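> Sequence:
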Amino acid sequence: MHAYIRMLMVGFTGVWMACGSPAGTPQAENQQLGQAKISWQDTLADLGTIKEGADVTYTFTFKNTGNADLQIQQVIPSCGCTVADVPSVPVHPGQQGHIVIHYHSAGQTGEQTKQITIVSNALPAKQSLYLKARIIQP
309 MHAYIRMLMV GFTGVWMACG SPAGTPQAEN QQLGQAKISW QDTLADLGTI
359 KEGADVTYTF TFKNTGNADL QIQQVIPSCG CTVADVPSVP VHPGQQGHIV
409 IHYHSAGQTG EQTKQITIVS NALPAKQSLY LKARIIQP
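The working numbering puts the sequence shown at residues 309 to 446.
I should point out that these hints are in silico values taken from the structure, not numbers from a laboratory.
A couple of the hints might just be wrong.
[To be verified] Using 25 angstroms as the maximum straight-line C-alpha spacing, the simulated PhoX-like pairs for lysine-lysine come out as follows:
(1) K422 x K371
(2) K371 x K434
(3) K359 x K440
Keep in mind it's a predicted model, so treat the numbers as computed, not measured.
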């Protein structure tokens, strides 16, 4: 009888360990805290052909598909010709947000690709957006 109970205890322990961590362990706490996740509508904005000197605005739309608030912490353009407006308040799970990019083409010619690095509390913490344009002389 004792051997039977011992076998049951070993079996239940194995099942319990395979099913995950009990509440209060780091794995369970991370699941309870949640994680923000960005799902972009698009990551490349093709601005087409524009005349040198023109200012163009493009809005990148995203959705927080995670289960925690999303906070955009920093936006890093690859050059001074690109400026971004970012949400200053957290984007709640299931909500959409926008990052508005202003591109100043003065002094540029030919094919241009600009990278905008987004730093947030989502995983991965750094993600990239791109602007592409063909600049012609006016």
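> Can you give the numbers of the hints that this structure goes against, from lowest to highest?
When the structure is compared with the hints, none of them turns out to be violated.
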